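Participant: Each protein sequence line maps, in turn, to chains A and B. Going by the numbering used here, the letters in the first sequence line up with residues 51 to 160, in that order. Going by the numbering used here, the letters in the second sequence line up with residues 538 to 650, in that order.
The hints are simulated quantities; they were obtained by calculation from the structure and are not laboratory data. Note that this is a predicted model, so its numbers are computed, not measured. Mixed in with the good hints, there may be bad ones.
What follows is a set of in silico ranges between Cβ atoms, one per label pair, in the way DEER data are often shown [stated by the list, open to error]:
#1 B/Ser621 / A/Gly66: 34 to 44 Å
#2 A/Glu91 / B/Asp591: 20 to 30 Å
#3 A/Leu108 / B/Ser643: 15 to 25 Å
#4 B/Thr550 / A/Ala118: 38 to 48 Å
#5 A/Ser77 / B/Asp575: 20 to 30 Å
#6 B/Thr542 / A/Thr112: 28 to 38 Å
#7 A/Leu53 / B/Ser604: 21 to 31 Å
#8 A/Thr101 / B/Ser643: 28 to 38 Å
#9 B/Gly577 / A/Ile159: 18 to 28 Å
#10 A/Thr101 / B/Ser617: 42 to 52 Å
Where a beta carbon is used, it is the ideal one built from N, C-alpha and C, also for glycine.
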Amino acid sequence: TQLLEQSPQFLSIQEGENLTVYCNSSSVFSSLQWYRQEPGEGPVLLVTVVTGGEVKKLKRLTFQFGDARKDSSLHITAAQPGDTGLYLCAGANTGNQFYFGTGTSLTVIP
Amino acid sequence: DAGITQSPRHKVTETGTPVTLRCHQTENHRYMYWYRQDPGHGLRLIHYSYGVKDTDKGEVSDGYSVSRSKTEDFLLTLESATSSQTSVYFCAIRPGGGVYGYTFGSGTRLTVV
Chain A
51 TQLLEQSPQF LSIQEGENLT VYCNSSSVFS SLQWYRQEPG EGPVLLVTVV
101 TGGEVKKLKR LTFQFGDARK DSSLHITAAQ PGDTGLYLCA GANTGNQFYF
151 GTGTSLTVIP
Chain B
538 DAGITQSPRH KVTETGTPVT LRCHQTENHR YMYWYRQDPG HGLRLIHYSY
588 GVKDTDKGEV SDGYSVSRSK TEDFLLTLES ATSSQTSVYF CAIRPGGGVY
638 GYTFGSGTRL TVV
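Based on the sequences and whatever the hints tell you, model everything.
Facilitator: So this is what it looks like as structure tokens:
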């Protein structure tokens, strides 16, 4: 069962541009995580958000958890080629099992 | 990080043969997971373990079995490989449940011909 929809599926932008990717569901999550995956490697955890409305910043990356805890967004300011990768969101149900979205593949062109 | 390693990294096998993938961790984490990653499906949970000899099924467990005889090792076995099991397999570990994040291995690319 695919509970999490991510958009856009693919995104190609120029270095220096800003972007936002979205993670949406009809289910309520107890917490939500964002990962970045580079080709040939496993996903790496970027952040965990727990409280509805919570905003977390990691350098140029800003993560927000929706007020109703059904959705989340990731905003990148002044994208760099090093930001290239597959961004995955993962939401936890009440049983603390995480379900992963299908990902947004980001390419930042120098 | 060398805290979690998967072997082999690549494998080609024939339909109908058994295949075992190994996950080894040096973090002494309680929870270990096997996921498969396919285009359009994201990461899907196959099996997980919450302790030695304690395992449970995930959403795509048919055709797979697991074993965990030691804290550090979690084995995934494809009993009789099929072409639909061609995928990239990831092992992951977590120190506990709740909000703990996953640490993933580098993956095993399995091709069933």
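Participant: Which of the numbered hints are not met once you compare them with the structure shown?
Facilitator: As far as the earlier hints go, not one is violated by this structure.
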